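Just need the whole structure built from these sequences, with the hints factored in.
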Amino acid sequence: RKEVEQDPGPFNVPEGATVAFNCTYSNSASQSFFWYRQDCRKEPKLLMSVYSSGNEDGRFTAQLNRASQYISLLIRDSKLSDSATYLCVVNPGGATNKLIFGTGTLLAVQP
Amino acid sequence: NAGVTQTPKFRVLKTGQSMTLLCAQDMNHEYMYWYRQDPGMGLRLIHYSVGEGTTAKGEVPDGYNVSRLKKQNFLLGLESAAPSQTSVYFCASSPERGGPPEQFFGPGTRLTVL
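Heads up: the protein sequence lines correspond to chains A and B, in order. Residues 7 to 117 in the numbering used here are what the first sequence spells out, letter by letter. Residues 48 to 161 in the numbering used here are what the second sequence spells out, letter by letter.
Incorrect hints may have been included.
[To be verified] Here are the computed lysine to aspartate or glutamate pairs in the DMTMM-like style, where the Cα-Cα straight-line distance is at most 20 Å:
no.	chain 1	residue 1	chain 2	residue 2
1	A	K51	B	D85
2	B	K61	B	E99
3	B	K104	A	E9
4	A	K48	B	D85
5	A	K51	B	E143
The hints are simulated quantities; they were obtained by calculation from the structure and are not laboratory data. Computed from a predicted structure; not experimentally measured.
What follows is the structure in structure tokens.
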């Protein structure tokens with residue numbers, strides 16, 4: 007079993023749609039959680055951290071369910087510029103700030 | 048601030064050739080990492096460093112060596128390149144433990160081994 011699992015997609019959605027991505031992780035001792043965004047042929051960039059209480063940043067909402075070891079990302083009112091690969095990322099803890107990356111979910115927003 | 052930079056951006060090697068990829072960061076970060084990214088595999092950690100003069104193996108270290116002689120630089124070496132090392136290589140850095148473990152990435156090096 008992979009440490010971080012995501013549906014690879016692609017998710018093809020029209021502009022204005024709401025889309026949700028899910029991710030599961032295997033290490034119950036994991037400390038912190040993130041969503042990164044990666045545009046085609048570019049480097050990953052932090053989109054948002056994920057907290058147990060849930061957190062929102064504009065059109066983006068992230069949720070964490072530690073009991074189910076499940077992370078989600080909701081994008082409302084999708085824009086063409088949201089087209090990218092979204093990486094679910096888990097920090098397993100320890101002194102090295104190592105991160106475990108999911109393989110990513112590809113989102114394509116259609117005009 | 049330039050953030051994290053990588054050189055070269057592209058390289059084509061023949062099997063058996065050697066090369067060094069350079070990563071530099073100007074954020075005074077303690078931790079640095081080298082990843083490779085392959086289709087369907089996600090980012091996999093090759094080696095990492097938790098400070099100047101230290102290095103450690105990651106998930107896929109075979110065929111690679113690293114050095115961190117200066118805090119701002121992290122070098123990845125391929126002594127004898129193989130076609131299986133064709134990949135996109137990303138360097139990243141992170142502040143020392145105590146803050147959010149966010150990693151900042153360089154733009155990547157696309158390596159093809161023929």
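Do the hints match the structure? See the list:
Taken as a hint, the K51(A) and D85(B) pair is honoured in the structure, with Cα atoms around 17 Å apart against an allowance of 20 Å. Restraint check: the Cα-Cα separation between K61(B) and E99(B) comes to about 32 Å, which exceeds 20 Å; the hinted pair is violated. Only pairs whose Cα atoms come within 20 Å are accepted, and K104(B) paired with E9(A) is accepted, the gap being roughly 18 Å. Of the pairs offered as hints, the one joining K48(A) and D85(B) holds, with about 13 Å between alpha carbons and a cut-off of 20 Å not exceeded.
As the CA atoms of K51(A) and E143(B) are separated by approximately 19 Å, the hinted pair is consistent with the 20 Å bound.
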